[in-house]
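Respectively, the protein sequence lines represent chains V and H.
So that you can map any letter, position 257 of the first sequence is 257 in the numbering used here, and since no number is skipped, the others follow by simple counting.
If you count the second sequence from 1, you need to add 388 to reach the numbering used here.
Just so you know, these hints were derived from the structure itself, not from any lab.
By construction, the Cβ of each residue, glycine as well, lies at the ideal position given by its N, Cα and C atoms.
All clues given are correct.
If the Cβ cut is set under 7 angstroms, some of the chain V residues that face chain H in the computed set are:
no., residue
1, 220
2, 224
3, 231
4, 306
5, 379
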Amino acid sequence: METKLTERQQLDVADFERFARAEIAPGAESADREERLQIEVIHKLARSGLLGSIVPAKWGGRGLDWFTYGLLHETIGKFCSSVRSMITVHDMVSLAILKWGNDQQRDRWLPRLSRGEILGAFAVSEPGVGSDAKSIETTAERSNGSYILNGTKKWITAGQIADLFLVLARRQDRPTAFLVERDRAGLSIEPISGLLGLRASMVGELSFRQCEIPAENLVGREGFGLVSVALTALGLGRYSVAWGCVGIAQACLDASLQYTNRRRQFGSLLREHQLIQEMIAEMATNLKASRALGERAGRLKQEGDPSEVMETFVAKYFASRAAMRAAIDAVQIHGANGCSSEYPVQRYLRDAKVMEVIEGSHQISQLLIANHAFQESENNYSGFHVDE
Amino acid sequence: MDNSKHKIRAFLSRFFQTAELKEEDDIFALGFVNSLFAMQLITWVEKEFSIQIEDEDLEVTNFSTIAAIANLIARKNCHAQGA
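The shape of chain H in the complex, shown without the other chains:
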């Protein structure tokens, strides 16, 4: 989980400053996110962590903070292993 949080932070820092960004800070509310960025984030998460984002994953709460994204990845990986 910590490793994925580190990678998420590194990805986000390609788009905006993340030095002050806490794990629970809402990146949408902070105004960093437009729809194109959100699209790139989804694509990156899929490729980096070898998971498929599906329509049931499409809740803002799954993508709004570093911690939330890491949780989503962990849940998807759990399901994949359990299948």
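This is chain V alone, in the form it adopts within the complex:
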């Protein structure tokens, strides 16, 4: 059963939609073509309070509940996955500091992040490390009350423009999380261009060469960088990508309904052709299912239920697959127009493919979900259960 929105949620969603249509939609195609987001979009996001969504009001944020946060990502994701992904990585840093930072770090960074005065980005992936996050090779050595970082981070969303990076590095052979400001000596950043999708998300490669940061930039405890800090952040990332995929699927459906309502072949509208209707039916059904899984994950996250970890994987896995299939069919429905940059569906397809790679690849998700199913079966734990 789809959750009914409260009045507050309805107002928020209407806000998101209004903002996205006015400020994000007009520039989405050119941003994708030029592989560049206009910085003014970021400033507008900041002014609208959309860079402080999950931070409590105490530190200047909106304190959105998880369901509304999901709806934010669906709405932005309908118009531009690049912008949506930049909001994600910014919020990943905010959430990590909120949950695992100390009081000084929260007071120092959260207000500025919430107001969008500074932009955050999340740096775990390396040239040789993607899914196998615990095998990161970037190192952190202690030296006279500081840490010295050496290594390379690659595929960093918003890397070209972020001010504050949350970096996972190896400290005494265990993953540890650090905050690194952009202007630290020893950090250099190169843009990555020519990407298949999310082309306007300002992706960068970070090189750390004897990059010195003060001890107070450690987040959480040495050795717990992955289990606590990174996985908290990645949980938000996965959840927002799941909802972003709902947005892509919705955009594909909207485009396809519109196109088939006006395009004629063989004397009738495309919408009257049954094979077109089959594709529309698949799109519409998978969209509903994706949204339902996102709502379920959001509810469990809101309740602090530990099953939200797996349910978010399921939501992301299903929604990214649904978005990909919707985009493939949307391009097909549009025919040659679907292969042209004059229509947005080819961008949805390229972005959807990237969504199947990031934040828990398709294959990793399958392994985890299968393993979980075996665990539950072996330990007699079924889908319906009564708490002790």
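Since the structure of chain V is already known, use the hints to place chain H on it.
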């Protein structure tokens, strides 16, 4: 404390067999734990016992055995009551 140990054992048994698991057995060393499980364990402890796990609690020794987890919960509850 015994009640919390019982609940901890019940939670762990959703993920692996605990019939032979003693209170002082190291679940990390026994290879049961990956980072995702550890994350779920932390989230569950917070929700089930209404406590906040903070960065100073993040020591492997606080989570490696049923007894250690129960001790952590008891300490956090003591602090909460004393505050």
